[in-house]
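Visitor: One-letter residues, chain by chain:
Number of protein chains: 2
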Amino acid sequence: MSSSPAVHLGPDQREDLADAVREGGGRLVDLADAEAVVWAGGASTFPDSLPESVRWVQLPSAGIESWIEAGTVDTERTWTSAVGAYSDVVAEHAIGLLLAGMRGIVGSSRASSWLPDEVGPPQSTLKGATVAIVGAGGIGRAMIPTLTALGAEVIAVTRRGLPVEGAAETLPADRVSEVFDRADHVVLAAPATSETAALVGADELAAIGASGWLVNIARGSLVDTDALVEALNDGTLGGAALDVTDPEPLPDGHPLWSARNALITPHVANPQHLQTGALAERVAENVRRFATGDELVGVVDLDRGY
Amino acid sequence: MSSSPAVHLGPDQREDLADAVREGGGRLVDLADAEAVVWAGGASTFPDSLPESVRWVQLPSAGIESWIEAGTVDTERTWTSAVGAYSDVVAEHAIGLLLAGMRGIVGSSRASSWLPDEVGPPQSTLKGATVAIVGAGGIGRAMIPTLTALGAEVIAVTRRGLPVEGAAETLPADRVSEVFDRADHVVLAAPATSETAALVGADELAAIGASGWLVNIARGSLVDTDALVEALNDGTLGGAALDVTDPEPLPDGHPLWSARNALITPHVANPQHLQTGALAERVAENVRRFATGDELVGVVDLDRGY
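Protein sequences appear in the order of chains A and B. According to numbering that gives the first Met the number 0, the first sequence is numbered sequentially starting from 0. According to numbering that gives the first Met the number 0, the second sequence is numbered sequentially starting from 0.
Honestly, the hints are just simulated from the structure, not real lab data. Don't take every hint at face value.
To be verified - DMTMM-like, lysine to aspartate or glutamate: derived pairs with alpha carbons at most 25 Å apart:
no., chain 1, residue 1, chain 2, residue 2
1, B, 126, A, 152
2, A, 126, B, 284
3, B, 126, A, 164
4, A, 126, B, 14
5, A, 126, A, 152
6, A, 126, B, 280
7, A, 126, A, 183
8, A, 126, A, 68
9, B, 126, A, 18
10, B, 126, A, 180
11, A, 126, A, 47
12, B, 126, A, 22
13, B, 126, B, 183
14, B, 126, A, 15
15, B, 126, B, 180
16, B, 126, B, 152
17, B, 126, A, 280
18, B, 126, B, 164
19, A, 126, B, 18
20, A, 126, B, 117
21, B, 126, A, 284
22, A, 126, A, 116
Input sequences plus hints: build the corresponding full structure.
Guide: What follows is the structure, encoded as structure tokens:
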């Protein structure tokens, strides 16, 4: 490690990121001279090959499926994603989705008449409720202080089940099936992997129950969409508030659009214009750590796929 | 005070409230023998006159305008409202309204097509934002831990301006005009009095600004509705999320129904079915305090009108 790391910033010289590199103690250099690369663009414009001198690459997104599929991420150097950098912003959206569902705001948004009985009063409150967070990584953890402030108890599910701060209980991933029955509401915040594909099907939806809401802030593939439409329309499930769907974008006329108590936001939990500051903060932090040899934040594990 | 107060419960013998009276150490008696009355009905069925022996009356609602108008509340004895008992439930609705507005959930609720550009991405985040709570009584205070957990800074406005826990700053009511400019978003949670009537007009809405949301969880009379419709439609105000309106119920075809970025829930922040437990809790607490001579919670001040 160098005390003032040589960092290449691409594809553009975004001013906020250039400042962040310098704030972290780095200096900006051409790719040929770089020890590290900070990349603020997509996978398609990433350099075909990197100089051997590059020992670390910072990617701009939290989810990196597209980078892995493109074969960009190699085992020659350390790669970091922006995992966690946007957690607060996404967690806030997830809380908004859950409350909009539970409190009847979805129905009211659609009304143009004062119809307390028809739009339905708030169905329930988070005070005294149990909320399961499946995949308590950065986003899931960022939800906990707010859920707790609202009086809910949190059951967290993580890969290994090590205690998560603020959660009343943490379960390992191999016990995830328990939470659908135990929780009043379930938030999906787990990465899309082969293990989480269609994690939530008809049985899990029935277990969440007729007064429970399912929130998906992760990836549409975690939920069996056909089973979801059926559970919503037959009242087996209280409601679903989704920022992600499968398929995505959800095509016009898809039955999920007209399902009872379905709220869909079009994958906007983490909008570009709210990311700027968060990525710069992460870049500064990681350049600082790279300079001092500390462990970087958000190191990609190719075996796990995130 | 008697060590086991004689409490009359009316108009019905609601089981949860009978239990609450006993839990608080009281015993249930006829009105003629009562030292205290716990009333779970409306003002219209309240006894025309009370025995002199009645020294305290617990009313079931948080707002008591109708009781004062009906002339029920006298100066012969202590009256308590349920102010604060439902605070958490209402505060949760207010948070839901604010997030639904800010995060574009209102527009998404109305969409039946995947249109991230048209429904609009989340406009902003509470992280780093300033939220003013005008009227930081029970409901306003109950919002603060959640707003803080979401990363917002709170400016509270109370009658006297004494520091409110969790707020970065508290202003007295006579400086309320400052907050519309200083805050990113404004939540109205003040009681309806002659002083708060039309507190928010064209100037205040313009001061909140084009990216700010106004949340009204208090009473419709606090806002000049015509000015609000205009501010929404000309973009002077970012949006308004209202559980209360003036007039109320808002008539069909009223321009507020079709105003840009207006979210209206039909006065459902504090639904009956979520109140049950909260009122029982308050009754038990106040019977306990009455028995020991401690100050009751929610004592009505006729001069203030709440």
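Visitor: All hints, please: hold or fail.
Guide: Now for the hints, and whether the structure bears them out:
no. : hint            : result
1   : 126/B <-> 152/A : holds (23 Å)
2   : 126/A <-> 284/B : holds (19 Å)
3   : 126/B <-> 164/A : holds (20 Å)
4   : 126/A <-> 14/B  : holds (22 Å)
5   : 126/A <-> 152/A : holds (8 Å)
6   : 126/A <-> 280/B : holds (14 Å)
7   : 126/A <-> 183/A : holds (11 Å)
8   : 126/A <-> 68/A  : violated (43 Å)
9   : 126/B <-> 18/A  : holds (22 Å)
10  : 126/B <-> 180/A : violated (33 Å)
11  : 126/A <-> 47/A  : violated (53 Å)
12  : 126/B <-> 22/A  : holds (22 Å)
13  : 126/B <-> 183/B : holds (11 Å)
14  : 126/B <-> 15/A  : holds (19 Å)
15  : 126/B <-> 180/B : holds (18 Å)
16  : 126/B <-> 152/B : holds (8 Å)
17  : 126/B <-> 280/A : holds (14 Å)
18  : 126/B <-> 164/B : holds (19 Å)
19  : 126/A <-> 18/B  : holds (22 Å)
20  : 126/A <-> 117/B : violated (34 Å)
21  : 126/B <-> 284/A : holds (19 Å)
22  : 126/A <-> 116/A : holds (23 Å)
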